[in-house]
Amino acid sequence: MKRYLKLIYLMVIMAAVSGCEKYLDINANPNASTDPPIQGLLANVTNLTPYNVYYLGNLTSYYVQNLASPSVSGTADTYQQSDPSTAWGSIYNTLTDLYDMRKAALEQNLVAYAGVADILTAFNLSLASDAWGDLPYSEAFVGGANMAPKYDSQQGIYDTCLALIGRGIALLSQPAAVDGMDGNADYIHGGDVSAWVKTAYALKARLLNQVSKLPSYNASEVLAAVNNAYSSNSDDAQLDAFEVRNPWAQLARNNANLVLDVWLSKYFVDATNGTIYGVFDPRLPEITFPTDGGTYVGTPNGAGFQGVRNTDHVQCYLDVGKWYSSETSPLLMLTNAEIRFTEAEAALRGGQTQRAYDAYLAGIRAHMEKLGVAATAIDTYINNPAVAVGKDNLTLKLIMKEKYVATFLQPITWTDMRRFDFNYQGFGMPVNATLSTFIRRADYPSTETSRNGANVPAYERTDHLWWDK
Amino acid sequence: MNEGKLRLSLAQIGKDANPYSTSVVYTPTGAPINNVVRYTRDNAAGDPSLKPELTTAFEVGTDLSFFNNRLGLNFTWYKSNSKDLIMDVSTAPGTGQTSITLNAGEIQNKGVELTVSGKPIQSGDFTWESQINFSANRNKVVSVYKSLDYITGGSSFGYAGSGPSFLYRPGYSVGDIYGTSWKRYYGSKTPEPFRIDKSLPIIIGANGFPVRETAQKILGNSMPDWIGSWSNTLKYKNVSLSFMFDTQQGLEKWNQLDNFMAAFGIAKYTEDRDQMVVFPGVLEDGTPNTKSVFKGQGMGPDGVDYKDGYYRAYYRGVSENFVQDASWIRLRTIALSYSIPASLLKKTFMNNATISFTGNNLWLSTKYNGFDPEASDAMTGDLTSSSQAGFTYPPLRNYLFSINITF
Chain G
0 MKRYLKLIYL
10 MVIMAAVSGC
20 EKYLDINANP
30 NASTDPPIQG
40 LLANVTNLTP
50 YNVYYLGNLT
60 SYYVQNLASP
70 SVSGTADTYQ
80 QSDPSTAWGS
90 IYNTLTDLYD
100 MRKAALEQNL
110 VAYAGVADIL
120 TAFNLSLASD
130 AWGDLPYSEA
140 FVGGANMAPK
150 YDSQQGIYDT
160 CLALIGRGIA
170 LLSQPAAVDG
180 MDGNADYIHG
190 GDVSAWVKTA
200 YALKARLLNQ
210 VSKLPSYNAS
220 EVLAAVNNAY
230 SSNSDDAQLD
240 AFEVRNPWAQ
250 LARNNANLVL
260 DVWLSKYFVD
270 ATNGTIYGVF
280 DPRLPEITFP
290 TDGGTYVGTP
300 NGAGFQGVRN
310 TDHVQCYLDV
320 GKWYSSETSP
330 LLMLTNAEIR
340 FTEAEAALRG
350 GQTQRAYDAY
360 LAGIRAHMEK
370 LGVAATAIDT
380 YINNPAVAVG
390 KDNLTLKLIM
400 KEKYVATFLQ
410 PITWTDMRRF
420 DFNYQGFGMP
430 VNATLSTFIR
440 RADYPSTETS
450 RNGANVPAYE
460 RTDHLWWDK
Chain F
0 MNEGKLRLSL
10 AQIGKDANPY
20 STSVVYTPTG
30 APINNVVRYT
40 RDNAAGDPSL
50 KPELTTAFEV
60 GTDLSFFNNR
70 LGLNFTWYKS
80 NSKDLIMDVS
90 TAPGTGQTSI
100 TLNAGEIQNK
110 GVELTVSGKP
120 IQSGDFTWES
130 QINFSANRNK
140 VVSVYKSLDY
150 ITGGSSFGYA
160 GSGPSFLYRP
170 GYSVGDIYGT
180 SWKRYYGSKT
190 PEPFRIDKSL
200 PIIIGANGFP
210 VRETAQKILG
220 NSMPDWIGSW
230 SNTLKYKNVS
240 LSFMFDTQQG
250 LEKWNQLDNF
260 MAAFGIAKYT
270 EDRDQMVVFP
280 GVLEDGTPNT
290 KSVFKGQGMG
300 PDGVDYKDGY
310 YRAYYRGVSE
320 NFVQDASWIR
330 LRTIALSYSI
340 PASLLKKTFM
350 NNATISFTGN
360 NLWLSTKYNG
370 FDPEASDAMT
380 GDLTSSSQAG
390 FTYPPLRNYL
400 FSINITF
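Quick note, the sequences are listed as chains G and F, same order.
Residues 0 to 468 in numbering that gives the first Met the number 0 are what the first sequence lists, from first letter to last.
Residues 0 to 406 in numbering that gives the first Met the number 0 are what the second sequence lists, from first letter to last.
Hints listed in this document are in silico derivations from the structure and should not be mistaken for laboratory results.
Computed from a prediction, not measured in an experiment: that's the story for all the values here.
C-beta atoms are modelled at their ideal positions from N, C-alpha and C, and glycine is treated no differently.
Incorrect hints may have been included.
Some chain G residues judged to face chain F by a derived CB distance under 10 Å, without partners named [as the list claims (entries may be wrong)]: (1) ALA31; (2) PRO36; (3) ASN46; (4) PRO69; (5) VAL71; (6) THR77.
Chain F on its own, in the form it takes in the complex (with noise of 0.2 Å):
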């Protein structure tokens, strides 16, 4: 070992709120109608008592180096916690505003982060450096604001209600996507209350074709479990290629263009819509479902009008169905570049020059069926942007040529 450190570290941040956060206005609205300006109480108001937001963070890390630093260790462990977080609540509005600025609760953030990075081979002509980040993070709504069961930090339209809510709920972790589920057979076990246990078989109603639980429950959580990359750099003589990895692993996000597709039968899986089935799962008895039913729309083979079909009627109207595994891993980027000898360019103007070949986004594995479970279309900074994903470009992937000359 050449070096060893321990850091710990005990900071307190405030936070102030926009400015005029703490007053409810009148605004003028519209343009003037017989000369009169009409004026309407703001939908945004403020909180008169409205207290600075204090993130208090605690960490412990340690920093170590080994082999002539050819292998170094950065460890931390976290906690913090931020109280009296000032945010823009949503409200119903039948409370005569649509948002209130408010101290909205505590929140607990904790996890550790990880780097390890070395340089595996280094003789003569070639060497290998790499490095590997991990970090991981936990996080739980310790309480939100006076007599509220819950605070809605965003949500997103979805078909025959389907649009699914981001909520702050005490006990409960900052990303759950809230929304309706196929409903399940509980028998003689308790369900819990905002948990859906999929384990269990799916209702299938008289009718033959699932049954909605339109109570929204949890079901999933935009946060990643951990997150990592892996960078490498590899050099033979003037030659050098670097890429890197970097993958988000364990969270879901709300596909809100599956939801589309599947409503207006372009999705791929809805060409099944000239099938006969019998749904999996059992009747409102507990027996199991024996009844065959039409997917598609119209008369059925049967002879029974099944109207907007499976897709429409009862398909698109879940949200569980849109929400999906979002992990992901990718090659983010890949570089190959060579430096011409100092050499070769003694006789020119030159002082160094350089050409490289780099591609970005050159491979992603997902599960996620949409284009690419990174891009949001929602603006950034409430819970929607972060819990949904669609209906946007997906990032680009690039390839770059260029040359560096220096003189």
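Next up, chain G with everything else stripped away, as it sits in the complex (with noise of 0.2 Å):
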């Protein structure tokens, strides 16, 4: 019987075997998929857009000069000539997978992913194009088919972004989208979809205000979408689970390993500590630790390191532990924060004071208990006759001024002092600046350039941008 038994087994295991025959079709990866399970797109989507804040962030906040390289002539510090293709890499890298997203779930007739998919290209093309302006998209992701896209105009862009978000508010608002997503792979918001909508609120109330120096702005159209948008600091858009760590940290701690990086810029801490304004801003001591001296003190841009020797502890950084720099610290995409100086921007632009008021001290506090400063702390400095100036005294400027530290580490702050002329009060061209006024637009990165150059458009770094102008 035994001897059958092995014949049998040896018969089944051939038959196992030449099953598989059928099924394997040699041009056919056996380790990869040619179908894109959508939780895994999703998944990488919501992970990656956050990063691309922060690829881009590690670019313009040394043009803002939140940041400072501790290296004389720092490439983006005195705006210098760069090559940002891992930032545009990764930004279209999203785009494509949301391409796909898009086309898998609408096969599918998942329309929640449908509406993600909208909000956040949405999102990565006015991020992009508030750096390079033209991109290109209407020609882009269809790999072969088209090795050479043409780059869309800057105002096509925005008016794409502005009809995406449309377009996703309505495929979100359908029944079918509630409980739609697999809440496990939506790492920004979990699958909750009203919280993709007030996202995408959020959004268009960015780019609504955007456009001020134009004579199209609206304010009551921006305030219009501010009312659908963030309410409180938990709405915020943000990632909170990492592989390893927030990249910022990373960079902290690089910079504690002595590989520099991140240091504060002296404009940033100076514009904190008390100099410029008079007023300490309890924020400070959540960002970094204070010098070897006791004091706070930033890096001159261009300037590099002012000490004597670089262990020495006489300048700030991003240190590991502090709020934007510890391991588990969330990465900022779109906050309650930012929307509540867009609010106060627009409510000023279209006269409406109080609400402007209102919402400026409401952008700090938001910002403030964001950050974890204590209650009291927060009070007192909202209560400083320099912050707490009353409806009537409140400026533009004033706005920016707070919305400055509000936004430390976000490209939208380059986008805001494009649209204010860089008139910050103190703030000044970098030390070794190679242009000779402040910088307007990102370079477009050499995989462009080399691959696709008689699409990309001539430019200088000094070139305003449509909005800009």
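Starting from the two chains in their separate frames, assemble the complex, guided by the hints.
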């Protein structure tokens, strides 16, 4: 009997082996999938989008003097030509996956995924266009079918973003969208559709407010979007789950291990330690430790390290464990604090001074609470006469001064500074600047200039983007 | 003449792609977060309509030998066309991929190969054998994929936008190095779109410094005009001396190390940073430049702040400065050996014993200012590896002393 059993086993195995053959198409890669699992795509894009804010922020933070290089004449500090291939590559990787995710979602009639794809596409596109202006979009993402996608105009991209937001909100408002996503795969809002709608309106408010230099600016439209956007810090679009740690924390760790990075700019420190505005901002101790001398000192952009030995702690940097750079700190994408300042700006421009003043104070409070500043310290700061100026003395300059701190490390600060022509108190050109004026746009990456060069527009880093004219 | 042969051959060779080069796939990325595996469209894509690459080669040759085989001559002329070349074409991220496997185009190679070998001296105990090899190849990109103007075969890093590209552009050659250059004054002449006329004067800006041309143009070609070698063996009784010279002539390479050295003021030529100079060249309107400027950093002796200085602000961003003549000639190997006469070995266990002394890479002559124009740090297989040099250890110079015994 045993002998027969063995034979039967052998036959079963052989049948199984030969049975496999018809499933083996020699041209199909057994180690990869040709059908994207939609949860997997959602997980990837909700992870990458906040990272894209970080990648670009790691460039723009030097332009806006949040950060400064410890080396003399840092590339970004002094507006030298840079090659932002990492930021661009990651944004286009995200946009490609969003393109596929939307396509797959519509094929499978998963409206929630399609709606989120629209909103995140608008977010990534506007993020990129604020840095680069014209971008490949309408002819992009089709691989070999178009190896040289043309660039859409900046204004076209802007209009596309608003259209995508509208379409995304409409999709997410369908009854089928509710609970229509895998919450575990949505690292930003955990599958909460109403939270995504708020983020969509928050982005819409940001974009509508961005054209403040143009005659088409409409304060009441901005405020209408604000009304549907965030109302508390718990609404913030941010990334909490990391493969290893928050990427700013990684840079802070590198710095602690003497791969010098993420040093605070003299301008940012002076704007918060009382030097420029005469009031000490309690957020500064949440961001960095004081120097050996017990004071807060920043590095002048372009001038580099100011001490004798670079192991002396005579200038401040993002420290491991501080709010923006601790292992588990959230990586911010779009926040309630920012939207409060957007509200304040639009209300003030629209003549609603009380609303503007309330939003201005609410924005400061929201950001301070986010950073865990003690309630008494918040009140002390907000009640300081330099801050609590009263609704009739509120100015755009004051709003932007506070927004500058509240959007620390975020690329939106650069957009804001360009809108206000860098007219911030005490803000000046970096030492050893390679341009004669402030930087107005980023360089296209070498991956575009060398591989799609015919379509890359000519530009100077001093060119104003369309909304900056 | 002892022998004469005429060779004619026509051959066609097909080449297949790597497996799975025909599909667009999605791959897991990173470690799972919240137990969810993240998927992304793979950066490398295939082409569903990929065809095999086909090379058609035609060659004519002759083998001749004269004077009782003391002089041999071997000559070949060939022409080969590779159609539907299978390449991983680097694409702009805007396409959704960074590389697509394609039938990317057609390349033509033509050239000659010549070998002359002989025994110029053969008298009694003394013989001299010698061989000369010579080959020259010319290539041309005939066409590239569909609508593309060119295909990027590789690129390299350089400071301040000086990183060169290595492109396949129809009508031009494989190995062309494209990069930034000093702007030339063309006056009424029309510039060629992808070449620079180095005989023309450089344009100097109003600030007294030369002006950079940012559009990438051809600065050189990394494929040699010709390759040669000369090997010799001289024998006198039991002593034998052999040596071989190698050369490659008429080629340029991207000297990445020099770009770094210039950027950080380490290169010897940057020592003139304490000088005031008038850059030779003309202003935009064609009149000669007369403005004297400081080459160093910071405050110049004329009281003007020169900030980052000439080498960082200008020189390092111009690829032309680092695309250098990489022609070379070297003594590849030399070996002296002595065979112990059989009569001395008769009573020992040995049948044969040879003592030899060999030196490799003993002498190099080149205008290239890096370590060695042959040493590349790039991965082999794409155009980058053959188009740049530096940033790695040069080939070793070694000496070998050896004893060979057979028993």
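Results for each hint:
Given hint, ALA31 of chain G at the interface with chain F, holds; its Cβ is 4 Å from that chain's nearest Cβ, closer than 10 Å. A hinted interface residue such as PRO36 of chain G counts as satisfied when its beta carbon comes closer than 10 Å to some beta carbon of chain F; here the least separation is about 6 Å, so the hint holds. Satisfaction of the interface hint for ASN46 of chain G is found here, the shortest Cβ-Cβ separation to chain F being roughly 6 Å, below the 10 Å cut-off. Taken as an interface hint, PRO69 of chain G does not check out: its beta carbon lies about 16 Å from the nearest beta carbon of chain F, beyond 10 Å.
Below 10 Å, beta-carbon pairs count as interface contacts, and VAL71 of chain G has one with chain F at about 9 Å; its hint therefore holds. The restraint placing THR77 of chain G at the interface with chain F holds, with a minimum CB-CB distance near 8 Å, inside the 10 Å limit.
Consistency note: the structure conflicts with earlier hint 4 alone.
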